[in-house]
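Visitor: The chain contents come next:
There are 2 protein chains.
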Amino acid sequence: MSYDPKLEKLFNPKSIAIIGATDKKHKVGYAIFKNIVYSGYKGKVYPINPHLDQIEGYKVYHSIKEVDDCIDLAIIAIPLRLIPDLLDDFKEKCIETAVIIAAGGREIGERGLQLEQQILEKARKYGIRFLGPNCLGFANTLIDLNANFGIDKPLKGKTAFISQSGALFTAIMDWAVSEKIGFSYAVSIGNMADLEFGEIIDYLGRQKEVETILIYMESLLDVKKFVDNVPNISIKKPIIVAKAGRTEAGQKAASSHTGAIAGQDFLYDTLFKRCGLVRADTVKDLFNLTEGISKQPIPKENKFVVLTNAGGPGVMAADRFGKWGVPPVELSKETIEKLNQILPPVWSHGNPVDIIGDATPERYRDSLKILFDDPEVKGIITILTPQFMTQPYETAFEVVKIVNRSKPIYFTLMGGEKLKKTNEYLENHNIPTYGTPEEAVDTMFLAYEYRKRINLLKKKEKELELDNIHKRKVSNLIKRYIQNEQLLLTEHQSKEIFKYYGIPINETFNATSEEEALKLAKKIGYPVVLKINSPDIVHKSEANGVILNIKNDQQLKKAYKQIIKNALSYKPDAKILGVSVEKYVEEGFELIIGSSRDKLFKQYLMFGQGGKFVEFYKDVSFQYPPVTPKFAQAMIEETKIYKLLKNGFRDLKPVNIKQIVEIIVRVSRLVEDHPQVLELDINPLTANGKEIFAVDGRIKLTPETEKHLIF
Amino acid sequence: MSYDPKLEKLFNPKSIAIIGATDKKHKVGYAIFKNIVYSGYKGKVYPINPHLDQIEGYKVYHSIKEVDDCIDLAIIAIPLRLIPDLLDDFKEKCIETAVIIAAGGREIGERGLQLEQQILEKARKYGIRFLGPNCLGFANTLIDLNANFGIDKPLKGKTAFISQSGALFTAIMDWAVSEKIGFSYAVSIGNMADLEFGEIIDYLGRQKEVETILIYMESLLDVKKFVDNVPNISIKKPIIVAKAGRTEAGQKAASSHTGAIAGQDFLYDTLFKRCGLVRADTVKDLFNLTEGISKQPIPKENKFVVLTNAGGPGVMAADRFGKWGVPPVELSKETIEKLNQILPPVWSHGNPVDIIGDATPERYRDSLKILFDDPEVKGIITILTPQFMTQPYETAFEVVKIVNRSKPIYFTLMGGEKLKKTNEYLENHNIPTYGTPEEAVDTMFLAYEYRKRINLLKKKEKELELDNIHKRKVSNLIKRYIQNEQLLLTEHQSKEIFKYYGIPINETFNATSEEEALKLAKKIGYPVVLKINSPDIVHKSEANGVILNIKNDQQLKKAYKQIIKNALSYKPDAKILGVSVEKYVEEGFELIIGSSRDKLFKQYLMFGQGGKFVEFYKDVSFQYPPVTPKFAQAMIEETKIYKLLKNGFRDLKPVNIKQIVEIIVRVSRLVEDHPQVLELDINPLTANGKEIFAVDGRIKLTPETEKHLIF
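Line by line, the protein sequences give chains A and B.
Position in the first sequence (first residue = 1) + 13 = our numbering.
Position in the second sequence (first residue = 1) + 13 = our numbering.
Keep in mind the hints are simulated off the structure, nothing from the lab.
You can take every hint at face value.
Which copy? The list can't say, so a pair holds if one copy fits it or any two copies do.
Quick list of in silico lysine-lysine cross-link-like pairs, DSSO-like style, CA-CA up to 30 Å:
hint	residue 1	residue 2
1	Lys37	Lys22
2	Lys78	Lys55
3	Lys265	Lys346
4	Lys336	Lys465
5	Lys512	Lys659
6	Lys38	Lys78
7	Lys27	Lys193
8	Lys465	Lys237
9	Lys703	Lys631
10	Lys47	Lys433
11	Lys297	Lys434
12	Lys249	Lys471
13	Lys166	Lys308
14	Lys615	Lys237
15	Lys653	Lys631
16	Lys578	Lys588
17	Lys512	Lys631
18	Lys713	Lys553
19	Lys571	Lys553
20	Lys473	Lys484
Since this is a predicted model, take the numbers as computed values, not measurements.
So here's chain A without its partners, still in its complex pose:
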């Protein structure tokens, strides 16, 4: 637990001062007053306004000094510039928490940011914690407190909602009313000058009346606090986050909206993954997922079945699972045999299970029972269309009897008027319903995605023992390069550092004589490649200065002579430094491992398809150091090329994935140990059925020695 105990006073106050309460109906100070006093709140309320004696019959205090009691929470609805002075009076009334409503902070620029800083300094001085500024307030339905402007009192429920955007706070809560979605807490957090996501999630996540947390996020300020708090909550309670700004166009719009360099979106994605959060693509997904997760168990594996009384919608569901790369699971012979017993002969005999248009309530019930009994099935999407023989309500009634919590079941009800009663009945019996197969499937998949993420978080692993790491040597090398003001290392220098971290490289040696070449070839092991080494010959192939696949001493001797001859015939006055000898690497997959740095998220690692077209294919995944084997494995599995690496492709044999995992972990160790490594690239990392090598690479250094790690 790491939240400040004062948050208890903030979100669960026994007394509230409303500073700036007014009787002018178009003002925020009135809206908040009204929302608090008419919402059923049982605590004490002190409206504060120097110019009023009463509002709608309620006594008004001219200043907090007039209140002769301690106050738990101050809701401040006066302009920002007046707040620093106001805070001086708080200690006297033991006020330690506040909600600052006014806009005019950092969102208007430097001047506003300074004002926020002044307020923050005063707050720190007096030990005051606050929400805002530029926020709408919050609601706590457990004590009937609707301490905000802009929303009606929410329905009660087990969900907590945190919104960084005031507009979406209002929009989503208004939507929730019409969709009958309930909340325990709803918090508008505004500019987060003091309280940030991390601490609030920690507080809300530890309340027993909170089972799920929804977040609308625009950007993080304090990544460290997020990282320290959130995973402890997410492994117990699902946290679902919607964040706009996925595409370049979206990010451009977001940065002009938030006026801040908000960090790159893919790094948010990576953070959510690492912290066990699941990301909803749209606000609609946010609610669908909340409904799915809060009403039904979370799928244990991605083995899903679709049951339907109409073929078309079954295909739509299968399609959508296909889009996620998770085709509906194949049914066991036993289950098919059981279904044969109770279904008409023309049933689909597979998944989707099409129980035909004339399906009775009993047929729905009995076939679902079989699917519930099949331990290989981990989640069920049931589709109902109102056909001539269909009895929707009776079907729901029968189905509810056999549903148990061993696996999730969601319903897709396709239709309108004829299904309203059925919809209500299912919802009341904790079975989520969706209007389209796509929504049900997306929700099932994202629920599983949450499971997968927290499983990865919880997974225990032994630390990987890494031999061949020469930290000291690398430190010395780096120190020397920086002293010499060389920040961009050559391929050769970079590979030397890779070697000292046990990263396999295709090392290149220079031979100045045939004998030396023979010795080197023996050391490296045949087959080898010879290349002319001359500063005057840039395009070695053009000069026929490359001889591949030399298999023995005899071939090597010939090749050595040949290559010198070719070079001199290509350019008679070329200065020949020697002939380079390196291992002959067979064709393989070209991969990339990289490390780079972001202002907000610090150092991060990348893995994926390498080669020239990296930025075009964008088949890459990311992770923050320290990258342990389980995270490295997940990084690899996230890419599309993983399937080819695992199974081989055409004449390329499958690759040793474990070795790639180890290389990623070694790269992670390298950047953890040496904060001076600003950027690093291994591209290509060539991987074939036999071996894996860094064929080319580079490192960019920085003189800074401060650690840049968020985990």
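Got chain A sorted already, so can you dock chain B onto it with the hints?
Guide: This is chain B only, laid out in the frame that chain A set:
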């Protein structure tokens, strides 16, 4: 016009016989009777049932023979097996159209298919056209006729709906009732034993009360009829089609559902594109698009602007446009200047146009007016969230005043209860509203996609004059290969055919002497490549049997000797056929052009990223021959690699796209002219800044000489 005039009698009958009408309430024959007689239909209705005298007071005829009048339409609700005999009586009553309801046709297998054939033969004999079997019937709201079982009488409207699935016919029509969407016609077409999509679309599309056609499709039977009819309609009235089965998983489910090899889904996509239809991914999209297209003009270009009173939803909209590859358009200086005049200084100064949370109705109105006046803006998404100062209804009221039909405007209303009245007001004023930014953006984009497709259809182009086509020579070659029973041609043989169609190839010549090699190099032009030509040396590089980039006679002479020497030192007993000489082609993009054949859709062409990983990247597009330049250009533009071809990438220079267009057209001509070309592949087609060449390729022949073209 190509529909059978009898369809007028079918869809707009003056008298109807209901064969199999009954008073048993759970039977289809009752449901149809009830739907017709109680829906307000003014024509004559003759219930037919040999065992009844009346149903609910309506006189029942024991057979159609008892009716002493001509009958326009027979709705047949008796088992299929009784229908062939029944049809014998139709002529007497001049019945020429029917709706066959019963199931038990091809969907149950061979026996059912035979029954359908018998019925079809009889129908042909008597000149009877029919819908079904295995369908629900239809509705024509213009004459208040609800001639089906399973749906309530639809609301009146200007949309026609055709569904191949009975279940979705019911589900969608039920949904439409609750969404208040109206129809002029709704048709369940069932097994399409006689009437198919093509003819029905032609009929409905020519009715003045039909402005938009919605289709739910599972599979086509008669592609030719579709191709002949649909484009003539789609260029005048939008046709929107939803079809399940996009992914492999979906297709698997679809084929088990329809029990037919339904044709590959990407070929449906290609067909829709070529015929000017737009495809909706989900049923929800189908309706959203109908609303957008029927209420507002269709965007002329993809230059869209987003106007919002909240930053977050603006970002969501920008994100979604980004996902479609169409970032919001940049606003002109002039427009920004005009907006500066009326907006508060903190507005976003860009697109999305964020007019800030306290936006008044007048601010909405005035800024939208400026966007309407900007001729560079071709479509507007307006977002409204109900914030504290927002007056949603008043905003709608003001905005409606300045909306004109110069460009489309859609609203996103984010919220619930607080926006219901506003929603209704906008809908009543022909402004489509959506609940999320994503839905509004998807709809705008798909509406534009429709425009783009019909623009391409309508675009006039001159026929490309193609020189260097030697049809006769290729005919002779192909004849000879087939006579010799060689169906799979070698690279060399394939390239020879390519050459005779003016497709540039990297021709390879064999030299058996240094002198011959010199002559060939002169003919080809330097630089050239020499390769050892020996059946005993497969891996030429391994034997150092390849010498690149030979620039002059002197280098060539040396290289020739060298290569023979290398080969013999690699394998002393190798049989040397000579040395092959070919042009040295610089590195370039690797593309693919292919042609293949589908059972249903016949011959089709493919273009895209080539090389080894074609199936992995799947960056390809398709088209049906004849592929004229405009279609070839569209094919290229559809791929992701197009951007690189156009702009270059890293050290690769931009490529001559026009030349690729020409090559695609030539390949199309080749397969049009020679139906024996079953499959064809050019992979890679190497394209660099200087030249484009078929570097490798193959052709597969078939002895059949029948044309396999759907266009």
